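Q: Please model the entire structure based on the sequences and the hints provided.
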Amino acid sequence: MRKFLLGRLASAIPTLIIVTIAVFVMVRLIPGDPAKLMLGDLARPDQVEALRHRMGLDQPIVTQYFLWLGNIFRGDFGSSITSAQQVLPLMLERFSVSATIVVVAVGIAAMIAVPAGMFAAWRQNSLTDLSVVALSTLLLSIPSFWLGLMILLFLGLKLNWFPIVGFVSFDDDFLKALSFIAMPVLTLVLVEIGSIVRMARASTIEVARLEYITHARAKGLSESAVMWRHAFKNAFAPTWTLIGLILGSLLGGIAVIETVFTIPGLGRLLVDAIYARDYPVVQGCILFVAVIYVLVNLVVDLLYPLFDPRITQ
Amino acid sequence: MSVLSLALPRRSANATIGGAIVISLVVLAVLGPQIAPYDPLALDLLSRMKGLSATHWLGTDEFGRDILSRLIHGARTSVWISFATVAFAMVFGLFFGVLAGFLRGWTDRIIMTFNDALLAFPGLLLALGIMAIAGASRDAIVVALGLAYTPAVVRVARASVMSIREREYIEASRVMGNSELITMLRHVLPNCIAPMTVLATTMFGWVILSESALSFLGLGVPPPAPTWGNMLATGRPFITQAPHLIILPGLCISVTLLGINMLGDAIRDWFDPKMQG
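Heads up: the sequence lines are chains A and B, in that order. Residue numbering for the first sequence follows the UniProt record's numbering, starting at 1 and increasing by one per position. Residue numbering for the second sequence follows the UniProt record's numbering, starting at 1 and increasing by one per position.
In case anyone wonders, no lab produced these hints; they're calculated from the structure. Careful: at least some of the hints might be erroneous.
[Claimed, not checked] Derived CB-CB ranges, DEER-like:
1) B/G19 / A/I17: 43 to 51 Å
2) A/R44 / B/R138: 32 to 40 Å
3) B/A20 / A/L159: 34 to 42 Å
4) A/R209 / B/S53: 26 to 34 Å
Predicted, not measured: the structure shown is a model, and the values here were computed from it. Just so it is clear, CB atoms sit at the ideal spot from N, CA and C, and this is done for glycine as well.
A: See below:
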C-alpha cells in the first residue's frame with residue numbers, strides 16, 4: 001500500500017518537470033525578443049533592458065529556465081501586459097469562479113449518472129437500459145457551448161428564470177450566486193452525464209460477470225443487496241477515474257461555457273489573454289491549468305485503492 | 001426472446017443511422033461547392049437575418065449571407081480538418097506507439113515519459129497553447145489538435161503491440177530470419193487495425209467538437225470563411241432577434257456527433273460484442 005502511494009507520488013514528478021519545460025519553451029518559440037513579448041509593445045527600452053537582465057537572456061537557456069522556475073516557485077508569474085496586475089492573484093481569483101461551477105456540476109452529474117449507469121447495466125438489454133444508453137449517447141453528442149446557448153435562450157431569455165449575464169460570489173449573496181450559476185451548472189451537468197453513465201454501465205457489466213457476484217446471488221441475497229453491497233465498489237472504481245479526468249480537464253477548460261454565460265473564469269482569462277497577446281498571463285494560465293490537471297489526477301489515483309484495493313498489490 | 005428482439009435492432013440501428021449520417025456528411029463535404037445554392041460569402045445587406053423562406057431555405061445571417069450554403073461549406077471545412085487531424089495523430093501516434101511497444105527498453109521509456117507529459121495537458125489546453133503561438137488558421141488547427149490527440153494513439157498502439165509481440169507467430173517470423181522491421185510491418189502493424197479503427201472513429205468526433213469549440217472561441221478558422229463553430233460565435237449577439245442563426249449550426253454539430261458516436265458504438269460492438277446493449 002505504502003509502496004503504491006509513494007510510487008504514484010514519485011511518478012508525478014517527471015511529468016511536472018516536463019510540463020514546466022514545455023510551458024517555458026512554448027513562449028520562447030514565439031518569434032521576437034522574449035522580454036519585449038512579456039512587456040508588450042508599449043514598453044520603454046530601459047524596462048525591456050531591466051527585464052532582459054532579470055530573465056537572464058544574456059545567459060545560457062538552461063540558466064534562464066531555472067531563473068524562471070525559481071520565480072514561479074516564489075509565486076512570481078510576472079504581471080499582465082494589459083492590466084498590469086500580478087498574474088498569480090489574478091489567476092487564483094478567476095480560478096475560484098471556475099472551480100465553484102465545475103465542482104458543483106461534476107458532483108451533481110456523478111450523483112445522477114452513476115446510479116443511472118449501474119441500474120441500466122443491471123437490466124442490460126431491457127427497455128430501461130436501451131433508453132438510458134440512447135439518452136446518454138444523445139447528451140454526449142451535444143456540444144456544451146450550443147447546449148449552453150439553448151439553455152440561455154429558453155430558460156434565460158424566453159422564460160426569464162435566471163439572470164443571463166455575470167457572476168456573484170457565494171460570499172456576497174448566497175441565493176443570488178445560486179441563480180447566477182444555475183444555467184452554467186445545468187449545462188455542464190447535462191454534458192457530463194453522458195460519458196459518466198456510459199462508463200458506469202460498462203464497468204458494472206464487467207463486474208456483474210464475475211464469479212463473486214454469482215456467489216452472492218447463490219447465497220440468496222436480494223438483487224439490491226448484491227448490487228449495492230457487492231458490485232458497487234468495484235464497478236465504481238473505473239468511473240471514479242473518469243470523474244477525476246473530467247474534473248481535471250474542466251477545472252482549466254470551461255472557456256466555452258464561460259464565454260456563453262459571460263462568467264469571469266480562468267478559461268475566459270486565458271482566451272482573452274491569447275487575443276490580447278498578453279503572454280505572461282497565457283504562460284501562467286497554461287502552467288496553472290496543467291499543474292492542476294496533474295494534481296487532480298494524482299489525488300484521484302491515490303484515492304483509487306479505497307474503491308479497488310487490488311491495485312496496490 | 002425479448003433480449004434478442006431488442007438487442008439486434010439497436011445494433012443494426014447504430015450502424016445504419018450512424019453510417020448514413022457520416023456518409024451524407026462526407027458526400028456533403030465533397031460535393032459542397034456544387035450543391036450549395038449560393039456563394040457562402042456573398043453579402044446581401046437588404047435581406048439580413050431573414051427566417052426560413054423559399055429563396056433562402058434556412059434563412060440568412062447578419063450580413064444577408066445564405067445560411068444553407070454556409071452550413072454546407074462549413075461541413076466541408078470541418079470534415080477536411082477532422083480527416084487531416086486524425087491522419088496526423090494516427091501516423092505519428094502509430095509510429096511512436098509501435099516503436100515503443102516493439103523495441104521496449106530505453107526507447108519505450110523515453111517515448112512514454114514524453115507521451116505521459118503530453119497527456120498531462122488537457123487536450124483543448126494544448127491546442128489553445130499552440131494556437132497562441134501559431135495564430136488562428138486552418139493548418140495551425142490541424143497541427144494543434146493533431147499534437148493534442150497523438151498521445152492517446154501512442155498509448156493504444158503501444159498496448160496492442162505489447163499484447164501481440166509475445167505471440168508465437170511473431171517469434172516464428174523472427175526465427176524465419178525476417179528482420180525486426182519486416183516483422184513489425186507485416187505481422188505486428190496489421191493486428192493494430194481493430195483498436196485503431198475504434199479509436200479513429202471516436203477521435204473523428206472529438207476533433208469535430210474541439211474544432212468547433214476553438215472556432216466558437218474565435219481561435220479556429222478565421223471568418224469570413226464559414227465553420228459551424230464560428231457561425232455560432234458570430235450569431236451569438238443576435239440570439240434574440242434571429243435564434244435560427246445559432247440553432248442551425250449547433251444542430252449540424254450535434255447530428256454529426258450523434259452519427260459518429262453511433263457508428264463508433266457499432267464498430268466497437270463488432271470488435272468486442274460483449275458490451276452491446
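Q: Compare the structure with each hint and give your call.
A: Status of each hint after checking the structure:
1. B/G19 / A/I17: 43 to 51 Å: About 46 Å separates the Cβ atoms of B/G19 and A/I17, which means 43 to 51 Å holds.
2. A/R44 / B/R138: 32 to 40 Å: Because 38 Å falls inside the window, the suggested range holds.
3. B/A20 / A/L159: 34 to 42 Å: holds (36 Å)
4. A/R209 / B/S53: 26 to 34 Å: violated (57 Å)
Checked against the numbered hints above, the structure breaks only hint 4 and satisfies the rest.
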